[in-house]
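Protein sequences, first through last, are from chains P and G.
If you use my numbering, the first sequence corresponds to residues 1 to 390, in order.
If you use my numbering, the second sequence corresponds to residues 1 to 179, in order.
Some residues of chain P that are not near chain G, with every Cβ distance over 10 angstroms (derived):
{"#": "1", "residue": "33"}
{"#": "2", "residue": "58"}
{"#": "3", "residue": "65"}
{"#": "4", "residue": "73"}
{"#": "5", "residue": "85"}
{"#": "6", "residue": "96"}
{"#": "7", "residue": "124"}
{"#": "8", "residue": "145"}
{"#": "9", "residue": "324"}
{"#": "10", "residue": "332"}
{"#": "11", "residue": "376"}
In silico PhoX-like links for lysine-lysine, alpha-carbon gap of 25 angstroms or less:
{"#": "12", "chain 1": "P", "residue 1": "38", "chain 2": "G", "residue 2": "31"}
{"#": "13", "chain 1": "P", "residue 1": "38", "chain 2": "G", "residue 2": "27"}
{"#": "14", "chain 1": "G", "residue 1": "9", "chain 2": "P", "residue 2": "367"}
{"#": "15", "chain 1": "G", "residue 1": "165", "chain 2": "G", "residue 2": "149"}
{"#": "16", "chain 1": "G", "residue 1": "170", "chain 2": "G", "residue 2": "102"}
{"#": "17", "chain 1": "P", "residue 1": "38", "chain 2": "P", "residue 2": "81"}
{"#": "18", "chain 1": "G", "residue 1": "102", "chain 2": "G", "residue 2": "165"}
For each label pair, taking beta carbons as the anchor points, the in silico distance ranges come out as:
{"#": "19", "chain 1": "P", "residue 1": "57", "chain 2": "G", "residue 2": "87", "range": "49 to 59 angstroms"}
{"#": "20", "chain 1": "G", "residue 1": "142", "chain 2": "P", "residue 2": "40", "range": "34 to 44 angstroms"}
{"#": "21", "chain 1": "G", "residue 1": "139", "chain 2": "P", "residue 2": "88", "range": "28 to 38 angstroms"}
{"#": "22", "chain 1": "G", "residue 1": "46", "chain 2": "P", "residue 2": "331", "range": "43 to 53 angstroms"}
{"#": "23", "chain 1": "P", "residue 1": "70", "chain 2": "G", "residue 2": "139", "range": "27 to 37 angstroms"}
Just so you know, these hints were derived from the structure itself, not from any lab.
Bear in mind the structure is a predicted one, so any value in this text is a computation, not a measurement.
All C-beta atoms, glycine included, are put in the ideal place defined by N, C-alpha and C.
The primary structure of each chain is shown beneath.
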Amino acid sequence: MIDFWLNLPPLVQGLIKGLAVIMVIFPLAGACSMAERKVSAWMQGRPGPNRAIVPWFAWIPFVGTFLQRLGVFHLIADGAKFLFKEEPVPGHVNKLYFALAPAIAMMPALTTVTVVPFGAYFNHAGEVIPLVLANVDVGLLAVFAVSSLGVYSLILAGWASNSKYPFLGGVRASAQLISYELSMTLSVIPVFLWINAPGTPGTMSLAKVVEFQSLPGFWGGTWFVFLMPLSAFIFLVSLFAETNRQPFDMPESEADLVGGFHTEYGAFKWSLFFVAEYSHMIVGSGVFTLLFFGGWNPLPWIPLASLVGWLHQATLAAWTVHPLFVGVLSLGIFLGKVVALIFIFMWVRWTVPRFRYDQVMKLGWQKLLPLAIANLIFYALAIAFIQKSA
Amino acid sequence: MAVIPLERKTLSLAERTYVPQILSGLKTTFKRLLRPAETMEYPEQRPAIPPGYRGVPTLVRDPHGREKCVSCQLCEFVCPPKAIRITPGEVPAGSGREHVEKGPQAFDIDMLRCIYCGLCQEVCPEEAIFLQNQYSMTGYTRAEMVNHKDRLYELGGTLPDAHFKWDKKKAAAEHGNAH
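All chains should be modelled from the sequences, with the hints used to inform the complete structure.
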């Protein structure tokens, strides 16, 4: 099986991996949109979508009703609706760019997933092998580089729509994303200063960051959120802005811009923007988890290796150390953290009202950026001091 | 008037960062998340109708199943949006109600015009038309939204009657008393 896989031409391998990413991220983003509707409803004291059901599921006595009440089938209903409803293309738009924008929105959203490790297993030598589609050394740099391309789709959509509200939405999107990218990038530099000690080969790999959070000892096992809380905070705030989530959803801002950059869009093209936004959220949460919340380590100071060791001791079963089991376990832990973060995204959405545009700019340039720079200088000095004395 | 100067407190650092406020807001929204839903799931759950509710106007029968409307057309003339149209007719011979003289041959209420004001109920000398609890009127065509006489009686049903006015009148007439 493994040999067969390895003997496949690299192009076919890449194609299969890419399709796998689409097959996973697309439904995951859909599930997030469903979760968003449900969480919003619960926070507003409503039951939320709970009617759609597939007839065969209605025959299952208890589970069927539960899934119906949970609104699981609305996900399928929504998807089918977006696929089959009429695609309106307004007469006044630039048709090529209008159709291109949603496609461009999807590309960076799906591409960034390839460099994000989502689990790990141990090989026979006991080394940690991260589960990642492309374990490149540039890691986080690739995420930043590709995900920031997503803003082009918003600008393109706003411009191609040839209408004032989408245009304003596009302009806001570009300004906002550029502003917050600075603080975001600056906030993670301390993490990489810490893991790239002088004399060791430099890396921007996210798997390496997790490795540093699973070292033995008090300082080794500390998640970076405890070591660098301010970095984590700045990164999280910038992440909200980068993914255009409330309170930073200026590009959409339905109160003052009708629907923002996608006002003129409908049906499947619109849903592509939506999926792209949720993919950005998933990837962003994943990166945040890897950088500051220990990746696939279950608890602070308890790395994955210890958990697997305890499980093996408790059950004495061989399957507990099987790479497949460890891989699924680590994937589960990682996804659990990502889902929790996505819930926080939704939670904040219904807590903090949308900022005014000037407040967004002021917060980004006058508060967050100086804070990120000060944070960087502090940690640079501290890390230099610690590594010199060590 | 005395002017009382109040001390204006400057915001503390914690307040200026907004973080404690946002955290307390998060607490509030999370509490909301755990509370049961406030809404009613409409077709299955129906709201309790308060007394005196003005729903769809209906025609009612008396406890003996006789129609009460005497086709006086007061409701038709009082109806502000002119939703009611009555065609007066004779009470058929042999029904035992010939002394009532008139009854509606046709009674139409156009529910696309009706404003649910209740003036028809107010004006009716026979207590024959009532705005009852039915609040949901739907139809696919304009014609479906016109309630005809049989539909009005079906919606109205029977309501208790305290007077039996026409029975008393009949009895009085039989005893030689005009009223």
